[in-house]
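Enquirer: For reference, the chains in residue letters:
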Amino acid sequence: MALLNLSSPHHHSLNRTSRLMMWVLLATVPGLLAQSYWFGYGTLINLIWACALAVSFEALVLWLRKRPIKPFISDGSALVTAFLLALALPPFSPWWLTFVAVLFAIVFAKHLYGGLGNNPFNPAMVGYALCLIAFPVSMTQWAGTESTLNLAQQWQWFWTETMSGGIDGYTQATPLDLMRHPKGLTLDELAATNPLLGLGLTASAWINAAYLVGGLGLLALRIFTWHAPVAMLASLGLCSGLFHMGEPDLYPSASQHLFSGATMLAAFFIVTDPVTSATSRKGKLIFGASVGLLVFIIRSYGAYPDAFAFAILLMNLAAPLIDTYTQPKAYGHQGNKDNER
Amino acid sequence: MTEDQSKLVMDGLWNNNPALVQLLGLCPLLAVTGSVVNALGLGFATLLVLVGSNLLVSLIRNKVADDIRLPVFVMIIAALVTIAELTMQALTYELYQILGIFIPLIVTNCAILGRADAYARKNPPHLAVLDGLSMGLGFASVLVLLGAMRELLGQGTLFADMHLLLGPVAQNWTWVIIDDYRGFLFSVLPPGAFVGMGLIIAAKNAYDQYQANTNLTQKPHIDAGSKRVRVTGTIT
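As you go down the protein sequences, you meet chains A and B in turn. Read left to right, the first sequence gives residues 51 to 391 (this note's numbering). Read left to right, the second sequence gives residues 285 to 520 (this note's numbering).
These are calculated hints, taken from the structure and not from any lab test. There could be a bad hint or two in this list.
One side only, chain B facing chain A, incomplete, derived with CB under 7 Å [as the list claims (entries may be wrong)]:
no., residue
1, Phe468
2, Leu469
3, Phe470
Some chain B residues flagged as far from chain A (calculated, every beta-carbon gap over 10 Å) [what the hints assert, rightly or not]:
no., residue
4, Asp295
5, Gln373
6, Tyr377
7, Glu378
8, Phe386
9, Asp401
10, Arg405
11, Gln455
12, Asp463
13, Arg466
14, Leu473
15, Val479
16, Ala487
Cβ coordinates follow ideal geometry from the N, Cα and C atoms, glycine included.
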């Protein structure tokens, strides 16, 4: 009788890719609901459309690459990309905007580099950045907080970009945008004269809080470690806090930075991407902190509504270098002096 | 045309295309291919310089010592580029302004110096001219293809503003393919050039691979009759 010679540990990890991706999808639900509450049905329509596109593109490319379709589709990574894109794109995205974003995310950013695990850039961020460069007008039309569009009107906008019912004030600048171009006012004066700023900040604070809840849930399930998100939030908070202390009229406070724009979505769902961020723990700290710093710089001095796509893509480029210099010491070896060249 | 000559032409246009295979001269290739007219203008200028430099280098190939050949080649190319630049300034002034720095930068196009050093200085003038012509045409055709791709995707038109290069004849050549196109800015910007170039190279490689595969499968051609030494049965 042959004895099975298996060594410990015998406990199997349940966190296979598909399971992991499913948890990530579930964790976005609070943020999705909050976003729909404040900005209407746009995000939901976007989401369904993006998911359908992502799965079709994924299947198409897998077929072209002669890879097995079912196992790769069911790992859910295309769906995660679709979710992130749909949540990041403005609620008033017309169908073609999402189409272009998903096409580039799945086909160019993911599969042309070799599919899941081989892509140097976060696919969702590539799709987002591409649209931001290619369609600056559509991408900066963020929905107004009091948008009272019903489903039919939203649907009409989605397909035809026309609006029936004489509504014209359906989009507005995001709080970050307002605060970057204060038109000569201090931030306090801006808040006093422009009621939209306060409302916008409230909305984005709620949405960010919802993403924070989802993200903490993932952290509790140990889908990812705390290093990258905490480092990112800390460095963004530190930078914005210091500048706010020095020049409170010009720079929004740390809490406004942390709870507006895509901060929490990026911190817990994008910076933590296992494929495109640094892998060692020290590396994750450096990666997250650098993303936070870049976000602050681009938000304060850049020309785009939010900074996460560019900050994360830049740091994706740097991730292999970070990993090289933060290789952990293997037990019994003298650090990575052994393999230094 | 002898076998050598047809090989030269095939190399320049396809097998050893300066843009698709040698990947030379990428800077102008990516920078000016926003539209067909820009690409055609620069491609034509490069073609003229390439043919001229190949001819001159080949003519003086036995007079110039090897040690100083590169400075001499560069001088020749620079002179030809100056001629091309002044000609464009005189005949197609608007296009000259659009292409701007990329016309004088033809002098740094590695494809030109590369052909001078790798081919023209070792071969007689008629072959050198043929090489320059096919290499230049290969380069220009990639430029025009990329320009057409980016113009179509970026603006939804083809052959817009061709009168800048060809004069009033081409005034109405603008071919609006997609009406009411809102424009795809990405394609007009440099990153679009990289993506487009990558797609063209991928398509060429895929085609070559396909050709190689079909040749491979066709090769085992069995002659009629058996080649076996000992025949025990009938072979059909």
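Enquirer: Determine for every hint whether it applies to the structure shown.
Expert: Hints, verified against the model:
Because the smallest distance between the Cβ of Phe468 of chain B and any Cβ of chain A comes to about 6 Å, under 7 Å, the interface hint for this residue holds. Hint status for Leu469 of chain B: holds, given a least beta-carbon distance of 5 Å to chain A, under 7 Å. Hint status for Phe470 of chain B relative to chain A: holds, with the closest Cβ pair at about 4 Å, below 7 Å. The claim that Asp295 of chain B is not at the interface with chain A holds, since no C-beta of that chain comes within 10 Å of its own (minimum 28 Å).
For Gln373 of chain B, the requirement that its beta carbon stay farther than 10 Å from each beta carbon of chain A is met, with the minimum near 33 Å. Here Tyr377 of chain B stays apart from chain A, with its beta-carbon at least about 32 Å from theirs, past the 10 Å limit. With a minimum CB-CB distance of about 27 Å to chain A, Glu378 of chain B clears the 10 Å threshold, and the non-interface call stands. Once the 10 Å rule is applied to beta carbons, Phe386 of chain B is consistent with being away from chain A; the minimum gap is 22 Å.
At roughly 34 Å from the closest C-beta of chain A, the C-beta of Asp401 of chain B stays outside 10 Å, upholding its exclusion from the interface. At roughly 40 Å from the closest C-beta of chain A, the C-beta of Arg405 of chain B stays outside 10 Å, upholding its exclusion from the interface. With 10 Å as the threshold on Cβ separation, the claim that Gln455 of chain B sits away from chain A holds: the shortest Cβ distance comes to roughly 30 Å. Every Cβ of chain A is farther than 10 Å from the Cβ of Asp463 of chain B; the closest lies at roughly 15 Å, confirming the non-interface assignment.
Some Cβ of chain A comes within 10 Å of the Cβ of Arg466 of chain B; the nearest lies about 8 Å off, and the non-interface call is violated. Residue-level check failed: Leu473 of chain B sits 7 Å from the nearest beta carbon of chain A, not beyond 10 Å. At roughly 7 Å, the least C-beta separation between Val479 of chain B and chain A is not larger than 10 Å, which violates its mark as non-interface. Under the 10 Å C-beta cut-off, the non-interface status given to Ala487 of chain B relative to chain A holds; the minimum distance is some 13 Å.
In the structure shown, a violation is registered for the earlier hints numbered 13, 14, 15, in ascending order.
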